[in-house]
Amino acid sequence: MEVLNLLAGGFAIAFEPLNLALVVFGCAIGLFVGAMPGLGSVNGVAILLPMTFLVPPESAIIFLAALYYGAMYGGAISSIMLGIPGASTAVATTFDGRPLALQGKADVALISAAVASFVGGTISVVLFTLFAPPLAEIALTFGSPEIFALMVLAFATFIGLGGDDIPKTLFSIFIGLAMSAVGLDIISGQPRLIFFGLPGFYHGINFLVLAIGIYGIGEMLWTVEVSRGKMSISQATMSLRRIVDGVIGLKSSVKTMLMGSFLGYFVGILPAAGATPGSLMAYGVAKTISKDPGSFGKGNVDGVVAPEAANNAASTGAMLPMLTLGIPGSPTTAILLGGMVIWGLEPGPLLFVEHSDFVWGLIASLYAANLFALLINIAFIPAFIWVLRMPFTILAPIIFVLCIVGGYAPTQDMHDVWLMLIFGIVGYLMRKLDYPLAPAVLAIVLGPLAEPALRQSLLISNGSFAIFFERPFAGVIMVIALGLLILPVLQKIVRYARRSA
Amino acid sequence: MRHIARRLFGFGLVAGVGLGFMAAPHNAAADWEPKKPVEFVIMAGKGGGADKMARLMQSVIQKHGLASKPFTPINKPGGSGAESLVYLKQKTGDDHVIMVTLNSFYTTPLRNPDLDIDISTFTPVGRMAEDTFLLWVNSDTAIKTIDDFVKAAKAKGNGWVMAGTGKGQEDQLLTDFLNKAYGLDMKYVPYKGGGRVAKELAGNNADSTVNNPSEQLGFYQAGKTRALAAFTPARLDLFPEAPTFQELGKDFVYFMQRSVVGAPGMSKEAEAYYRDVFKKVYATDEWQGYMKSKSLQGEFLTGDALKTYWAREKENHREMLTKMGEIK
Chain A
1 MEVLNLLAGG
11 FAIAFEPLNL
21 ALVVFGCAIG
31 LFVGAMPGLG
41 SVNGVAILLP
51 MTFLVPPESA
61 IIFLAALYYG
71 AMYGGAISSI
81 MLGIPGASTA
91 VATTFDGRPL
101 ALQGKADVAL
111 ISAAVASFVG
121 GTISVVLFTL
131 FAPPLAEIAL
141 TFGSPEIFAL
151 MVLAFATFIG
161 LGGDDIPKTL
171 FSIFIGLAMS
181 AVGLDIISGQ
191 PRLIFFGLPG
201 FYHGINFLVL
211 AIGIYGIGEM
221 LWTVEVSRGK
231 MSISQATMSL
241 RRIVDGVIGL
251 KSSVKTMLMG
261 SFLGYFVGIL
271 PAAGATPGSL
281 MAYGVAKTIS
291 KDPGSFGKGN
301 VDGVVAPEAA
311 NNAASTGAML
321 PMLTLGIPGS
331 PTTAILLGGM
341 VIWGLEPGPL
351 LFVEHSDFVW
361 GLIASLYAAN
371 LFALLINIAF
381 IPAFIWVLRM
391 PFTILAPIIF
401 VLCIVGGYAP
411 TQDMHDVWLM
421 LIFGIVGYLM
431 RKLDYPLAPA
441 VLAIVLGPLA
451 EPALRQSLLI
461 SNGSFAIFFE
471 RPFAGVIMVI
481 ALGLLILPVL
491 QKIVRYARRS
501 A
Chain B
1 MRHIARRLFG
11 FGLVAGVGLG
21 FMAAPHNAAA
31 DWEPKKPVEF
41 VIMAGKGGGA
51 DKMARLMQSV
61 IQKHGLASKP
71 FTPINKPGGS
81 GAESLVYLKQ
91 KTGDDHVIMV
101 TLNSFYTTPL
111 RNPDLDIDIS
121 TFTPVGRMAE
131 DTFLLWVNSD
141 TAIKTIDDFV
151 KAAKAKGNGW
161 VMAGTGKGQE
171 DQLLTDFLNK
181 AYGLDMKYVP
191 YKGGGRVAKE
201 LAGNNADSTV
211 NNPSEQLGFY
221 QAGKTRALAA
231 FTPARLDLFP
241 EAPTFQELGK
251 DFVYFMQRSV
261 VGAPGMSKEA
271 EAYYRDVFKK
281 VYATDEWQGY
291 MKSKSLQGEF
301 LTGDALKTYW
311 AREKENHREM
321 LTKMGEIK
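Quick note, the sequences are listed as chains A and B, same order. So the first sequence is numbered by our numbering: it starts at 1 and just counts up by one. So the second sequence is numbered by our numbering: it starts at 1 and just counts up by one.
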């Protein structure tokens with residue numbers, strides 16, 4: 001019951017007028033920052049960090065955390081409305097959110113995203129409240145072998161089950177992996193695949209550049225082709241009745257929502273993983289466990305629900321290693337961490353003891369941020385729908401400009417904008433040839449995590465792959481992953497055997 | 001009510017600034033002033049030690065109104081800082097580009113002669129601090145002294161894992177020193193970022209590390225890790241129990257610079273302006289407090305003194321890398 005007392009104290013702090021106002025304000029800015037392609041929570045938090053000197057440190061972090069949270073909601077908006085992922089965490093939302101919008105179900109997609117975000121956020125804050133210290137211990141023991149096993153699992157969910165063409169999926173993954181190898185190799189310290197000696201390749205291929213290219217530009221080209229001059233691309237409508245129906249319709253997605261929340265939270269806890277892999281994995285798992293995997297990528301509500309529940313849950317999860325271990329679970333928490341150091345709040349195992357007021361105030365404000373982000377988001381849905389009703393001849397140039405801004409903003413390098421345009425054309429062609437694009441995106445996100453983890457593990461074990469099976473966590477995850485990989489092959493063999501018998 | 005009103009006022013200020021309505025304070029002291037926002041390039045990724053420090057400097061500049069135009073941080077971590085160095089070189093003669101740098105300022109050009117970077121052409125702005133290094137082990141082990149450490153590491157031979165950041169960089173230079181000085185054969189495993197390295201030790205996934213105090217402090221205070229010895233000339237106030245390697249009979253000292261440099265060929269006036277800004281940053285309570293809490297050392301160095309320091313450190317690093325066989 002001590003936890004409840006501490007939490008009550010936390011709510012007293014969170015509901016101070018200044019803090020509450022900052023939560024609302026932070027959520028609103030976050031929503032905007034998340035929805036603007038290329039801005040994202042990392043840049044939002046980085047830009048506003050110095051502004052927080054005007055308020056007490058506790059209020060400052062509450063403000064930034066609310067912003068972080070709002071951005072997780074906001075990312076879904078441009079993914080669904082424009083097909084451009086607003087932030088890297090919302091890429092998986094594009095896979096099904098965009099098709100839904102094109103079918104005139106943008107409102108359903110937006111509501112599903114908002115509700116799933118709320119559920120994911122709330123579940124994760126409850127988990128955080130109850131189990132923070134023991135989970136931090138588990139996160140601490142997670143080394144490179146465990147991380148690699150987890151990455152194999154993520155890939156397995158994408159290749160394993162589902163109706164896709166497996167050779168094409170593999171091709172897409174390998175292209176993504178090859179691109180994720182560009183840049184500096186941290187193990188040998190040498191630059192790799194610096195095409196034409198261009199300095200822009202030294203920082204590797206930014207994953208958002210690929211995602212915005214493929215989904216934003218590629219999608220726009222595709223729509224130009226299929227709409228054939230039609231003025232409006234989707235018959236988006238909006239009424240209270242549809243909102244209520246949408247929420248009721250989510251009943252069938254409860255399982256997916258819960259899965260996304262838990263998965264997202266646990267992936268978020270792991271240092272260096274963060275919300276982007278969490279949301280992609282949740283999408284993969286949702287597809288794997290679905291009764292109708294073939295409908296994914298063509299406008300399945302579960303394909304929106306899973307990544308959105310997961311990215312919000314992961315964003316809370318990522319705070320855990322930051323607060324308890326001083327290790328950021330995502331780039332955004334890395335900047336929050338910097339902020340805490342500046343305010344004199346030293347993150348680490350002692351933070352919960354020495355600054356318990358602060359920790360519980362932050363946790364309580366996450367509950368509040370979650371609620372306000374949901375309300376603000378739903379209130380704005382009619383405005384978003386109105387945007388979709390614009391003629392495509394007006395919308396297309398807007399999308400194009402947003403893509404270019406989004407490609408330029410993270411690194412402020414024109415190199416990335418050109419690269420994005422190339423990816424856009426390649427993405428369009430791949431789509432015409434019916435290659436799945438999501439696996440390439442997954443590979444470029446997970447590749448940079450999986451590769452060093454694999455090589456560090458093998459360095460430690462002197463090249464023996466046994467290291468992935470000897471350690472309890474790594475072993476269990478690896479066995480599940482391999483099982484998922486082998487399953488479709490077994491199914492095929494069984495089917496073949498039956499037919500010939 | 002007044003209390004609440006004041007707090008709401010504070011909120012209003014944040015809101016105003018957030019929307020970009022705050023007028024920039026005027027700095028009357030300097031003759032030259034930036035005419036547009038200054039690009040503040042960070043030679044490392046977001047969330048790392050150099051990044052945190054750069055953002056602290058930016059915040060201090062903003063809080064005290066030390067500059068008339070904002071400093072906008074941009075991370076260019078690619079290729080162990082190669083990306084930043086090439087970028088600054090491209091910006092030769094630009095008065096609005098400065099960079100936060102560390103020891104890869106020496107090692108990256110030495111290891112990649114193709115980049116054709118001559119650091120002596122870069123404009124010296126100021127050395128803000130020198131970061132220190134210690135040798136760490138997990139507190140679950142029975143290792144309490146350097147002798148215990150040597151014995152345990154010898155027993156494990158090549159199975160002893162030393163985690164560090166990057167290849168051919170600070171941590172590996174120190175590992176190489178330890179291997180040679182004590183006849184060890186520790187295996188060096190590179191990770192991305194000092195925070196991750198510190199965590200690998202606390203989680204028992206590595207046997208030892210040579211972290212900076214700022215990276216390992218949290219675990220140390222929680223009793224999860226132990227400092228065995230310091231690579232400094234004198235014992236550190238934060239870790240009085242850890243002897244220096246000089247005390248232990250090895251004449252070896254190593255620091256990491258935390259400096260600000262300008263693009264090559266910057267005008268004298270701009271150089272003076274930035275020198276002035278960062279000298280003021282150095283003197284603020286925030287910076288001094290940060291240095292103390294993280295066991296950072298070093299006076300503010302600038303101008304020719306900083307150039308001389310760079311030249312000396314570059315030669316030291318050339319020697320160390322040559323001994324390691326990383327360069328010829």
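The hints are simulated quantities; they were obtained by calculation from the structure and are not laboratory data. Please note that a few of the clues may not be correct.
To be verified - Mimicking SDA-like on lysine to any residue, the simulated pairs with C-alpha atoms at most 25 Å apart in a straight line are: (1) Lys192(B) with Phe465(A); (2) Lys192(B) with Glu346(A); (3) Lys89(B) with Ile467(A); (4) Lys323(B) with Glu299(B); (5) Lys69(B) with Ile47(A); (6) Lys154(B) with Ile467(A).
Said to hold, decoys possible - If you want the ones that stay clear, here's a sample from chain A, every Cβ over 12 Å from chain B, calculated: (7) Met179; (8) Leu258; (9) Thr288.
Just so we're clear, the structure is a prediction, and the values are computed from it rather than from any experiment. Note that beta-carbon positions come from the ideal geometry of N, C-alpha and C, so glycine has one too.
Against the structure, the hints come out as follows:
1. In summary, the hint linking Lys192(B) to Phe465(A) is supported, as the alpha carbons are separated by about 22 Å, within the 25 Å threshold.
2. Of the supplied pair hints, the one linking Lys192(B) and Glu346(A) holds, its CA atoms being roughly 22 Å apart against a limit of 25 Å.
3. Proposed proximity of Lys89(B) and Ile467(A) is contradicted: the alpha carbons are some 45 Å apart, above 25 Å.
4. Taking the CA atoms of Lys323(B) and Glu299(B), the gap is near 30 Å; set against the 25 Å cutoff, the hint is violated.
5. A threshold of 25 Å between alpha carbons decides the hint, and for Lys69(B) with Ile47(A) the separation of about 15 Å falls inside it, so the pair holds.
6. At most 25 Å may separate the alpha-carbon atoms for a hinted pair to count; Lys154(B) and Ile467(A) meet this at roughly 23 Å.
7. Taking the minimum C-beta to C-beta distance to chain B, about 15 Å, the non-interface status of Met179(A) holds against the 12 Å cut.
8. Non-interface call for Leu258(A) relative to chain B: holds, since the shortest CB-CB distance, roughly 29 Å, exceeds 12 Å.
9. Residue placement check: Thr288(A) keeps its beta carbon more than 12 Å from all beta carbons of chain B (closest about 30 Å).
Violation of the numbered hints given earlier is confined to hints 3 and 4; the remaining hints are satisfied by the structure.
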